[in-house]
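There are 2 protein chains.
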Amino acid sequence: MAVGKGRGADVGDLVARARDGQARAVARLISLVEDASPRLREVAAALAPHVGHAQIIGLTGSPGVGKSTSTSALVRAYRARGKRVAVLAVDPSSPFSGGALLGDRVRMQDHATDAGVFIRSMSSRGHLGGLSWATPQALRVLDGAGFDVILVETVGVGQAEVKVASAADTTLVLLAPGMGDGIQAAKAGILEIADIFVVNKADRDGADTTVRDLRNMLGLGGRHSDAGAWRPSIVKTVAAKEQGVDELIEEIDKHRAWMESKGVLQTRRKDRALDEIEAIAVASLRERMGDVHGVASLSQLASDVVSGDTDPYVAADTIVKEMGH
Amino acid sequence: MAVGKGRGADVGDLVARARDGQARAVARLISLVEDASPRLREVAAALAPHVGHAQIIGLTGSPGVGKSTSTSALVRAYRARGKRVAVLAVDPSSPFSGGALLGDRVRMQDHATDAGVFIRSMSSRGHLGGLSWATPQALRVLDGAGFDVILVETVGVGQAEVKVASAADTTLVLLAPGMGDGIQAAKAGILEIADIFVVNKADRDGADTTVRDLRNMLGLGGRHSDAGAWRPSIVKTVAAKEQGVDELIEEIDKHRAWMESKGVLQTRRKDRALDEIEAIAVASLRERMGDVHGVASLSQLASDVVSGDTDPYVAADTIVKEMGH
Chain Y
73 MAVGKGRGAD VGDLVARARD GQARAVARLI SLVEDASPRL REVAAALAPH VGHAQIIGLT
133 GSPGVGKSTS TSALVRAYRA RGKRVAVLAV DPSSPFSGGA LLGDRVRMQD HATDAGVFIR
193 SMSSRGHLGG LSWATPQALR VLDGAGFDVI LVETVGVGQA EVKVASAADT TLVLLAPGMG
253 DGIQAAKAGI LEIADIFVVN KADRDGADTT VRDLRNMLGL GGRHSDAGAW RPSIVKTVAA
313 KEQGVDELIE EIDKHRAWME SKGVLQTRRK DRALDEIEAI AVASLRERMG DVHGVASLSQ
373 LASDVVSGDT DPYVAADTIV KEMGH
Chain P
73 MAVGKGRGAD VGDLVARARD GQARAVARLI SLVEDASPRL REVAAALAPH VGHAQIIGLT
133 GSPGVGKSTS TSALVRAYRA RGKRVAVLAV DPSSPFSGGA LLGDRVRMQD HATDAGVFIR
193 SMSSRGHLGG LSWATPQALR VLDGAGFDVI LVETVGVGQA EVKVASAADT TLVLLAPGMG
253 DGIQAAKAGI LEIADIFVVN KADRDGADTT VRDLRNMLGL GGRHSDAGAW RPSIVKTVAA
313 KEQGVDELIE EIDKHRAWME SKGVLQTRRK DRALDEIEAI AVASLRERMG DVHGVASLSQ
373 LASDVVSGDT DPYVAADTIV KEMGH
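These protein sequences, in sequence, are chains Y and P.
Residue numbers for the first sequence follow this note's numbering, beginning at 73 and rising by one.
Residue numbers for the second sequence follow this note's numbering, beginning at 73 and rising by one.
None of these hints come from the bench; they were simulated from the model.
Remember, it's a predicted structure, so these values are computed and weren't measured experimentally.
Incorrect hints may have been included.
Same chains, same label: a pair holds when it works inside one copy or across any pair of copies.
Dumping the calculated EDC-like pairs for lysine to aspartate or glutamate here, alpha-carbon to alpha-carbon at most 20 Å [claimed, not checked]:
(1) K342 <-> E332
(2) K334 <-> E314
(3) K342 <-> E106
(4) K313 <-> D82
(5) K334 <-> E319
(6) K308 <-> D381
(7) K155 <-> E319
(8) K393 <-> E114
Next comes chain Y alone, as it looks inside the complex (with noise of 0.2 Å):
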């Protein structure tokens, strides 16, 4: 069905156009993404010849502590240095996702003559694997498509945004003074998933504080320092300035050669295709539920468990016993 949508163009032809550097092509292969399209076999057997080359970045923060700015401010300076840059801004269209959200999309247009620049806000909103599904199938489009550096910005700041983000080649997590408190009642979470952070904002008072807070966080004060992992640098900017951007990409690129050295490069990639497999997977696999049980016998399982005749164990059994046969 809607086929119009298409208007003729098959897939091996709008991914020969995406990656000619057709915005409107990338931007439709992302919508067949977001509309979790049967296309997407197809695309993914057309991308499949061109993946591997982009640089994946992600970048998450609070709301306030200035992604997009971060965001456009790196866009800028990789545009400098030659490279086409993508932007995905992750958006579960969260109620509750912050205020400066619209604006900031707004700046993000800065780039919007620059053919080098392709940017899109997605959602998955609705769609039963959600963030996990879609998101590393839209990062396939962009680096199929060719794009050196993929930005991958979050927009929610909950559990699925985050796993997102740490699934990037290197996570930005983003800070800016004056939030401390935010960092004492987070730090298991923010140890794990940061490569890199980056305290912006730095020309507000407590920007050293901050620092210095992270670092006795992290135990960088020397005390211990295990030789084989890589330890979260911390770099201070003021993206809104365009200062530290360059020490910041130097940073990016120490951490790039950090893993290439090592191997980890591969297992993030392998990991993340792992992660994308298992979700198209367990997509496949809810469809077939449905199909096999058919909406009555699932919904007479689902009263069994409210009355208390069957518990949710019992009822799962069921189900995945005749998926079996």
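Given the structure of chain Y, go ahead and fit chain P onto it with the hints provided.
Chain P in isolation, oriented as in the chain Y frame:
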């Protein structure tokens, strides 16, 4: 393994003691959920005859709107009405859950000496199924343990967290004056999940503007009213001074009465059971995936996807097909 954890207490005994009002037994059952214990199967069976009594109220909103203060005020009000109350604070251990978290958890200890109140933060960090797997099972524990009212407060503000809050019988969305930009940015999501909007901190400037903005957004101005549907109500509170809490409970009761009269309560509970069954079935399928293929063969598929020798759809097909045998 970890037999010592149960210290000889079998699951039937734990459930009996939980129903008897022993907080430690309830806490231990919830820990089994967090740990994704194999004993959950027995727990679910032992709980089944006892579920379906509790009223489940979801509570969500941006950092700073006063979620924990509101939860605490609701606990006090329900206790004054003689109800046993449980609070489940669903905390995905997101790095960015906002600064107020720890302090507010402490404040909740107002209720620490009241045997009719059970308060628990739950993290599902690291578990494959995430919040959608763990939360319904924790609610089932609290429901089966005989609590009259269960407040589910989500700490994070992303896709998974909003889904959790919206799976309650009645979902409260909290706002505070002066956050109008956020409303604008997010109206679509808010319209969908809120049964009742709570404008907290209503003694601050701008409270009436927030209410008016909400009304306009909701089309409550009188232009169209869908006769069959629930029209989200708006309640002003100052939770820190316990103002407006009785009115809020009145609205919650009104919503419950409406749901019962329309059969919506039963539908919501069935939907929740369906989600729960599906999450358990998918987790079980994921396990089987690993069993069927072994780590080596999955890893090879991922490598082939990274190198472009195959694409993730073909890789997922391989897995799903083998599961059919």
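ask   = What hint numbers does the structure not satisfy?
value = 2, 3, 4, 5 and 6
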